[in-house]
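**Student:** The primary structure of each chain is shown beneath.
Number of protein chains: 2
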Amino acid sequence: MKTLIDHIQIQCFGNQDAPIVDGCIAIDNDRILYTGPRGGLPKDFEEDVTIEGTGKLALPGFINAHTHVAMTGLRGVGGDRDLFKWLQEEIFPAEDRMTGEDVYWLSMLGIAEMIRNGVTAFADMYNFEGQVAQAVADTGIRASLSRGVLSGPGEDARFAEAKELYDTWHGEAEGRIRTMVSAHAVYTCTDTTLIRVRNMAKEMKVPIHIHISETGKEVADCIREHKRTPPRYLHDLGLFDVPVLAAHCAHVDEADMDLLAAHEVTAVHNPVSNLKLGSGIAPVPRMLEKGVCVALGSDGASSNNNLSVLKELRTAALIHKGAARDPLLVTAYEACRMATVNGAKALGWDDEIGTLEAGKKADLILLNTTAPHWIPAQEPCAGLAYAAQEADIDTVIVDGNVLMENRELTSIDLEEVGVKVQEIHDRITKK
Amino acid sequence: MKTLIDHIQIQCFGNQDAPIVDGCIAIDNDRILYTGPRGGLPKDFEEDVTIEGTGKLALPGFINAHTHVAMTGLRGVGGDRDLFKWLQEEIFPAEDRMTGEDVYWLSMLGIAEMIRNGVTAFADMYNFEGQVAQAVADTGIRASLSRGVLSGPGEDARFAEAKELYDTWHGEAEGRIRTMVSAHAVYTCTDTTLIRVRNMAKEMKVPIHIHISETGKEVADCIREHKRTPPRYLHDLGLFDVPVLAAHCAHVDEADMDLLAAHEVTAVHNPVSNLKLGSGIAPVPRMLEKGVCVALGSDGASSNNNLSVLKELRTAALIHKGAARDPLLVTAYEACRMATVNGAKALGWDDEIGTLEAGKKADLILLNTTAPHWIPAQEPCAGLAYAAQEADIDTVIVDGNVLMENRELTSIDLEEVGVKVQEIHDRITKK
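So the protein lines, in turn, are chains F and E. Heads up: the first sequence at position 69 corresponds to 63 in my numbering, and the numbers run straight through without jumps. Heads up: the second sequence at position 236 corresponds to 230 in my numbering, and the numbers run straight through without jumps.
Check each hint, because a few of them may be wrong.
[To be verified] Partner residues are not named here, just some residues of chain F that face chain E (Cβ under 10 Å, in silico):
#1 Leu27
#2 Gly30
#3 Val43
#4 Gly67
#5 Met108
#6 Gly272
#7 Leu312
#8 Ala381
#9 Gln383
#10 Asp407
#11 Val411
#12 Lys424
#13 Lys425
[Claimed, not checked] A short, non-exhaustive set of chain E residues, derived as facing chain F with CB atoms under 8 Å:
#14 Asn9
#15 Gln10
#16 Pro321
#17 Val415
[Claimed, not checked] Residues of chain E placed beyond 12 Å of chain F at every Cβ, according to the derived structure:
#18 Pro31
#19 Pro36
#20 Gly70
#21 Asp74
#22 Asp76
#23 Ala131
#24 Thr162
#25 Met194
#26 Leu231
#27 Arg308
#28 Glu328
#29 Glu373
#30 Glu384
#31 Glu417
#32 Ile418
The hints are simulated quantities; they were obtained by calculation from the structure and are not laboratory data. Even for Gly, the Cβ is constructed at its ideal location relative to N, Cα and C.
Produce the complete structure using the sequences and hints provided.
**Tutor:** Written out as C-alpha cells, the structure reads:
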C-alpha cells in the first residue's frame, strides 16, 4: 500500500536537518520512499491513501531506549520513599508474584501508553520477555527485547530463556522484533556471568543491554571490589567488544566517558527516573562534548511514573542548563536527536529507523501544532523540547501501519487492557 | 444556579486532606456549598445542573503565582541563548514595539492556554496591565494584576499606571480581579522607588509583587552595592511589613530563608524558567523545612515556553530529589499544595480560593483519570506530580462558571486569538 502525507512540516534528523516547511512524505508499504518538498516527489508515485498534514509536524517516532515495560503494573507503587526499602518491601515481592500472562497484559498497557506518547520503538529488559515479544507482535510496535540475566540460583535457566528469546523472536513479527543479551548490572552479575553474556552476544551478533553506573553506591562498591569503575571493569572483561546499550551512566567520570566514546557504547540517559529515585544528574553535556552517543529512556513506570520519551526529552533539555547554570547546554535540537536518531543507535537499528529518509522504515509520528502552546509558530525542536504535550501527537505509524489516528489506538482494546491490569496490580501488591 | 458534581474522587487540600474516593461537590452560584461524601450533602440542595464525575478527580484549580502573561507573543524567541544577549537583542526590542491592544490579544492567548492547563488564577506583572485586566474580565479567569515599576525615566508615569490599575480594576469583574503593587527587582529599582512601592501597597492594603534573588549575579551585585542580600535589603527598607509575593528566590541563603519565614512572604518557585535560563535550582527543600510558604509560577512563556502549572508541579517534585540525591525531598503532596493552596496565599487570596471547602469560591478542575498513564489507580497527588498530562484536564470552573468543558473553551475564540497573536508576533519581532 502506498501512502502520501501531504502539506506537512517535517523534521527529518537525517542528513537533511533543517525543517522542511511545506513538504510531503511518500510511504511504500513499510518503507519511506521520499521525504522532502512536494516538487521532488517521484512522478510515478500513485498513493492509495492521503493523509492531510496541514497544521502538523512530522518527525521520526520517539525511541524509548531503556525500559521495563511490564512495570506498568507497579506504577506509582511506593513513591516518595527510600530506594532500598522501596525495592525490598514493594517492588521485589510484587514482581515475585507476576506470571507470564501478567507480563503480557502489563506490556499491552505500557505499549498502549507509549504509542499514545509517540514512541514507535523501545528497548526492554525483564522477565518473561517472550510475553513482551507477543505483545509487541500483537500491537504493531517495534522493540529490541532482552531477558535480564543475574548471577546466582536460576542463572542457567535465565541464560536458557535468553537463548530461547533469540531463537523464537529475533527478526520475527515482520522484522519488528530484535533481541539483545542482557546482563543486569555489575552488582548483580559475577565476572563469569558477564563474560558468558559477552560471548553469547558475540555469537548471536546482537548488542548487550546493561545498567551502568546508575548510583554513586554502585560505583563506590565496584571500585572497592574490582578496583575499577563499572565502565572500566566491563571494558576489561571485553564487554565493550560488542555494541552496548548502557542504561543510566549517571555517575561516570572523565575516563569512563572516554571509554564510552571510544567504543560502540550508547549511554541511555533516564533523567526522570534518576531524579525521582534521587540517583543524581548524569553528566550529559560533558558526554556530548566528548562525542558519546546519548539516547533517552523512561526506565520502568514504577520509577517515573510514565513511559513518555517526550517528557525525558524535555527534562534532558532543561535540567543540565539549571544544574550547571548555563543556558547553552543540551540544546532542544540535541535533545530531539537523543530521542530519535541516537535512540536508533542505542538499539543497533540505525540502519532502518531513527530518521525520516528514503529507504528507512516508515516509523513516524505526526503532531498537531495548532494548540495555544504552539502559537506563535515555533522552530520545531524548540517546540518539542519546551512546549509540546503528549496530546499533540495525533498519528503514530510503525512499519507503515497506522497504530494511532486522531489519538485513537487502532491495535489495542484499551478498556480490556485496563481492567486486566487493575486486577493484576491488585493481586500482586496484596499484602 | 446550583450545580452538583457527583460520584467523583476529590482532593481538597483543606483541613480534609485525605482523598475522598466517591464524593460530591455542591456549588451555589460562585461558591462551594459542600464537599464530601454523598451522604453529607444538605438535604434541601436541589441542583439545576449535574456533572457526572465517574472516572474523574476534582481538585482546586492550579494557581500560577508568577507570570507575565502577554509574553506569549515572544514564546520560543531566542531559546538556547545567553541570557543577557537574549534580553538585549530579542526580548527588549520586541517589547518596545508592543501596544496596549497587542497586550490584550497576547493575554487572551495566555489565558486560553492556562485554562486548558487547569489554571484558574494567576499573578501577573507587566506593562499595559489594564489590557490584561480587560482580558481577565472577558475570559472569566481570576487574577491578581500589577504594573511592573522600575526606576528611571518614566517612573512617575508607571506609578500613575499602578494607581490607575487599582482605581479601575481592584475588586472588579465580579470580584475576579485584584491588584498588587509591583517593584520589578532590586537591580532595577532605587531605594526611593522601593519605599514608594511599599507606601503605596500599605495605603491600598494590597501585597507587593517583586522578583527576588533570581540569579547569582543579582545577589552578588546587591551585596556589593548595598552590603546585604536582596531579601535583607528589602526587609530593611520595610517592604516585608506588607505581604510579599517573592518570585524566584533561587539564590537565598539561610538567613534569607529565615527572613521569608518570619514575614508574610511567599516564595514563588519557577523551576522550569530557572532551569531554562540557567539561573539555578532554588533551595526549596530547605525553605519548606524552615516553614517558608512556597508557591509555583511559570514565569513568562518566553523563558519556559509554556504556562502550565502542572509542568512546574512535576518539575518541582522531581528536580530537588535528583539535585540533592534524596528521593524523600519535595513529595508529590507538597508539590500539589504549592500549586494550589500555597498559590492562593501568594496572591493574598487564601480567604476565598486554593482549597475545595464550603464557603470558598468555586474555582476547581476535573481531570480524567482513565488514560493509560493513570492505570493502575494511583494516589491522586502521585498521579498529578508524576504521571498526569495537561490533556487529562477535562473541565475548568472559575467563580462557578464553566470555562472549559470536555476540553472545549467556552469563553474564548481560539482561532481568532491565534491569528491575531501570529500577526502581532511577526510585527514585533521583525528586524
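**Student:** Taking the minimum C-beta separation from glutamate 373/E to chain F, is that value above 12 Å?
**Tutor:** Per Cβ check, glutamate 373/E is inside 12 Å of chain F; nearest 7 Å; violated.
**Student:** Taking C-beta pairs only, is glutamate 384/E more than 12 Å away from all of chain F?
**Tutor:** The assertion about glutamate 384/E is violated, with a minimum of 5 Å to chain F.
**Student:** Once the shortest beta carbon distance from proline 321/E to chain F is found, is it less than 8 Å?
**Tutor:** Result: holds, 4 Å to nearest chain F Cβ.
**Student:** Far enough from chain F: is every CB of that chain over 12 Å from the CB of aspartate 76/E?
**Tutor:** 7 Å, violated
**Student:** Please check whether asparagine 9/E passes as an interface residue: C-beta within 8 Å of a C-beta belonging to chain F.
**Tutor:** It is violated, given that the least Cβ distance between asparagine 9/E and chain F is near 22 Å, above 8 Å.
**Student:** Going by Cβ atoms, does glutamate 417/E stay more than 12 Å from chain F at every point?
**Tutor:** 9 Å, violated
**Student:** Taking 10 Å as the limit, does the beta-carbon of methionine 108/F come near enough to a beta-carbon in chain E?
**Tutor:** Holds - the Cβ of methionine 108/F comes within 10 Å of chain E, reaching about 9 Å at its closest.
**Student:** Against chain F, does leucine 231/E keep a CB gap of more than 12 Å to every residue?
**Tutor:** Given that every Cβ of chain F is farther than 12 Å from that of leucine 231/E, nearest at about 28 Å, it holds.
**Student:** With 8 Å as the cut and Cβ atoms as the points, is valine 415/E at the interface with chain F?
**Tutor:** At about 5 Å, which falls below the 8 Å cut-off, the nearest Cβ of chain F leaves the hint on valine 415/E intact, so it holds.
**Student:** Minimum Cβ separation between aspartate 74/E and chain F greater than 12 Å?
**Tutor:** Not fine: 4 Å to the nearest Cβ puts aspartate 74/E too close to chain F.
**Student:** Tell me if the interface restraint on aspartate 407/F is satisfied: Cβ within less than 10 Å of some Cβ in chain E.
**Tutor:** 12 Å, violated
**Student:** Classify the hint on glycine 67/F as holds or violated, based on whether any CB of chain E lies nearer than 10 Å to its CB.
**Tutor:** 7 Å, holds
In this structure, the hints that do not hold are numbers 1, 2, 3, 10, 12, 13, 14, 15, 20, 21, 22, 27, 28, 29, 30, 31 and 32, in rising order.
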